[in-house]
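Colleague: Required output: the full structure, derived from the provided sequences and hints.
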Amino acid sequence: MSWETVIGLEIHVQLSTDSKLFSGGSTSFGAEPNTHVDLIDLGLPGVLPVANRGAFHKAIRFGLATNAEINQTSTFDRKNYFYPDLPKGYQITQMALPIVGKGSINIEVDGEEKIINITRAHLEEDAGKSIHDLFDGETGVDLNRAGTPLLEIVSEPEIANAKEAVAYFKAIRQIVTFLDICDGNMAQGSMRCDVNVSVKKSDDTELGTRAEIKNINSFKFIEKAINFEIDRQIRILESGDSVVQETRLYDSVKNETRSMRSKEEANDYRYFPCPDLLPVVISDNELKEIKDNLPELPDEKERRYVEESNLDSSEAKIIASSKTMANMFEGACAKTNDSKLVANWLVGDISALLNKDNIDLQESKLTADNFALLIERISDKTISGKIAKSVLEEIWETGDDVDSIIESKGLVQIQDESLLEKIAQTIIDNNPSQVEAFKGGKDKLFGFFVGQVMKETQGKANPQSVNEILKRLLS
Amino acid sequence: MSIQYKSIKELKNMLNDKDISHTELVQETFLNIKNNSALNAFITLNEEESLKKADNLDNTPSSGSLAGIPIAQKDLFCTKDLKTTCGSNMLSNFIPPYSATVIENLENAGCISVGKTNMDEFAMGSSNETSFYGNVQNPWGENLVPGGSSGGSAAAVAAGIVPAASGTDTGGSIRQPASLCGISGLKPTYGRISRWGMIAFASSLDQAGPMARTAEDCALLLNEMCSHDEKDTTSINEVIPDFTENLNSSIQGLKIGLVKEFDLSKLDNDVVQVFEESKKHYESLGAEFIEISLPNISLSVPTYYVVAPAECSSNLSRFDGVKFGKRCDNPKDLEELYIKTRSEGFGDEVKRRILIGSYVLSAGFYDAYYKKAQQVRRLIKNDFDSAFKSVDIIMSPTTRGAAFEAGSKGDDPIQMYLEDLFTIPANLAGLPAMSIPNGMIDNKPIGLQLIGNFLDESRLLQAAHNFQISTDWHLKTPSSNKS
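Going down the list, the sequences are from chains A and B. Numbering of the first sequence is given in this note's numbering, commencing with residue 55 and proceeding in unit increments. Numbering of the second sequence is given in this note's numbering, commencing with residue 1048 and proceeding in unit increments.
It is worth saying that the hints were derived from the structure and are not from the lab. Worth double-checking, as some hints may not be accurate.
What the hints assert, rightly or not - Within a straight-line C-alpha distance of at most 25 Å, the following computed SDA-like cross-link-like pairs (lysine to any residue) qualify:
no., chain 1, residue 1, chain 2, residue 2
1, B, K1307, B, E1323
2, B, K1418, A, V335
3, B, K1373, A, V195
4, B, K1370, A, T193
5, A, K498, A, K525
6, B, K1419, A, K498
7, B, K1398, A, Y323
8, B, K1370, A, K317
9, B, K1278, A, A181
10, B, K1456, B, N1190
11, A, K183, B, E1383
12, B, K1053, B, E1189
13, A, K342, A, L233
14, B, K1419, A, L331
15, B, K1370, A, G194
16, A, K345, A, H66
17, A, K435, A, N412
18, A, K509, A, E522
19, B, K1387, A, D196
20, B, K1418, A, G194
21, A, K317, B, N1190
22, B, K1428, A, L331
23, B, K1370, A, P333
24, B, K1278, A, S80
25, B, K1278, A, L331
Modeller: Structure representation (structure tokens):
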């Protein structure tokens, strides 16, 4: 009898609004503790929340992009529990009537497409942070994050394994970054997820008892935590015991999940409608305006790149899948005509550099303008592709302008055929044994001669011309 | 010249005619406050700041409609830099960094906030006996309660110390003390006055309002207290009329509803008699009486005691010893910080309601209690909506009797909860309602309740003012009573 895993994800997406969900407090990251906290965030007696419409518009964008039902009237509820970083003793959330209803998203794992249904996506306020390790046995509270708008995206339990879960999370991240509703920065906690995992026998119709793993914020940890949890549950079931419904924490150092609290210890959140907030009503016009201004999503971009820019579908997919890549591609193509070459460089050398440094394109020193200029200089034969690589590396280090790098390093391509011919002849003359071997049938030695010319010209020779000249002289 | 028992209108005239300076008025007021300290009507005084404001007004006249009028503020409104306790030990050290919108509105009109008045803890009570700061005495008799929760405000006005006070009314907390202290008090339509800066008890029921000697003064105060406030999404965005405009218009033909289901036969004869006399008086003014039915009205008190505690249990969660207010000494862990802080900070009545509220919201009970109560609340509102198709206002006694003695309701909270039998329905339905003095029982005042249609405060004030220009119940004072 084989085991089947059922996984559901709750992803918390921090919406990139300037101010908080219910106050004018700033949402920017990294400020001194408790400096982005206003009266409302602090939950002072007598204060009242006012819903941030901008957050609703961002949530609606997500709904539209996932073909979801939009609830034009949505309401807020209070979720009551005590914790020091929860200033009011309750979190305002959308329990009964969320802004976004049922939707779906496509994922791809090992070349296979699958649809994952989304149950709902609702708005809620984030809590602050408790800091346990800085105050010698005491706990500090930083409320800067308190009240930051979150969109909680709840999937149906339709995810079958860790790989699919990661693919789903990546797909959600791609959409929210393309929609410009979240910066997608996982290190800063802009996206976190809770994972519900259960295991059942393949022919069982009912789901097994689930465990919820809280607050994971990296692709790698999602995968590891799920795989650990599946193994744990199967071991329990195979030994004849039953899985306990509980909340667990993933410890990335030990690579294990640990029990946090059982169902019996779980809070009774005493949800009820928040009496301070009227239902938020989105008009037809408001909805239409959001729809009309929805940014282009990866699938549409991919299609357009193939149709309009003649890219291979594989190249188009890679570029369209990342917002920063797509921006770089479109930015550079606006300044230069050779979109194929732009794509080649993006998918090739630039991707390699990104991987090497493990950074995102927006963190690099490359700008679309400078990149376009680099392509231009290759097209107009000012520099060879090989030289262009070293120019790119220089840009990567310094961010300097392409033309000034070419000039200061004297990298302009040598086009002068008679000069190149002279250099080639000298090399032939100085290497009689190689010439003999080449003529004797060692074709591979042609590369040796090219290399020698390139070395002599410090790589500045036009490679095409060098090829032609050598062919002629060696025949 | 004595200022005791003067109305706002009279004081305005005195100030205009320079019979008294602003500074003298404030000095006199503080003298009266101190002479009446036995009432325990105030928790915090604002003397220095008040004298400064008065001095400014003497030097630079203000055009504010209430310039220089001393007012007592219920200690439930946040007042910037002035301690705000809400009658609780929990907030005994709380100095708000901001002021409630209604406080700002009144002060912008020129009112001088002379102090913060005593009240039932977190506005939970009907006798002012739940205050951490001690009972308030009703000026009409030493052992009598002033009613609650706005007991300090009612006592301060009834004793003639200030012409006006702010109050709040969640289930009758303006009208019941107004009735028991012989003054006029109005709870406006829910949403008329911003709740920003009002320490919440039950958010869907809480409403601020004026307490004064006359309906006319209530109208003057209401003109300034109302505003559409973007900081309160439940605040109503409707034109605010001049509430004094129709005060003197005749009420000839006014249709007054009498609620069939309010069984007056269960009340004392004296109370019924006072009510019957007021009916006769209204008839003499040209009003006609129509019996109406509010079939679900008998469910008001139980409905209220589910909804209000539910909201209170959540609203009071923020008092946890972490950020502001009281914190217990040396808790050994987080759990103990919560338990000790809240055990020490809250009084019994507040704890009782937090327990009730947590219970009715808990998993498995929500549908049977809270959800059901909200459904009944909707039915009660519908009852009023249909009733107002045939009448202009609805009339009843405000309270079941006159002021009772402190401690007389013993340990039975149900007896105390029934104090609000007549007042609670207007809160559940969000309707404006007021109480005006309409008689005396054993030398103690008692009030008449008028309930109006949605946003129809003007009609209530008109009906009340017409009554007051032709009767003198509102002019009776504890002093005249003694002499």
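Colleague: Take the hints in turn and mark each one as holding or not.
Modeller: Hints and how they fare:
1. B:K1307 x B:E1323: holds, 15 Å
2. B:K1418 x A:V335: At roughly 23 Å apart (the allowed maximum being 25 Å), V335 (chain A) and K1418 (chain B) satisfy the hint.
3. B:K1373 x A:V195: holds, 18 Å
4. B:K1370 x A:T193: holds, 13 Å
5. A:K498 x A:K525: Holds: K498 (chain A) and K525 (chain A) sit about 13 Å apart, inside 25 Å.
6. B:K1419 x A:K498: Answer violated: K1419 (chain B) to K498 (chain A) is near 89 Å, above 25 Å.
7. B:K1398 x A:Y323: Given that 25 Å is the threshold and the Cα spacing comes to 19 Å, the pair holds.
8. B:K1370 x A:K317: Between K1370 (chain B) and K317 (chain A) the Cα gap is close to 30 Å, so the pair fails against 25 Å, i.e. violated.
9. B:K1278 x A:A181: holds, 21 Å
10. B:K1456 x B:N1190: holds, 13 Å
11. A:K183 x B:E1383: holds, 20 Å
12. B:K1053 x B:E1189: With a Cα-Cα distance of about 23 Å, the restraint between K1053 (chain B) and E1189 (chain B) holds, given a limit of 25 Å.
13. A:K342 x A:L233: holds, 16 Å
14. B:K1419 x A:L331: holds, 21 Å
15. B:K1370 x A:G194: holds, 11 Å
16. A:K345 x A:H66: holds, 23 Å
17. A:K435 x A:N412: violated, 31 Å
18. A:K509 x A:E522: holds, 17 Å
19. B:K1387 x A:D196: holds, 23 Å
20. B:K1418 x A:G194: violated, 38 Å
21. A:K317 x B:N1190: Not satisfied, since the Cα-Cα distance of roughly 53 Å exceeds 25 Å.
22. B:K1428 x A:L331: Holds: K1428 (chain B) and L331 (chain A) sit about 20 Å apart, inside 25 Å.
23. B:K1370 x A:P333: Cα-Cα ~30 Å, so violated.
24. B:K1278 x A:S80: holds, 17 Å
25. B:K1278 x A:L331: Holds. K1278 (chain B) to L331 (chain A) sits at ~11 Å (cutoff 25 Å).
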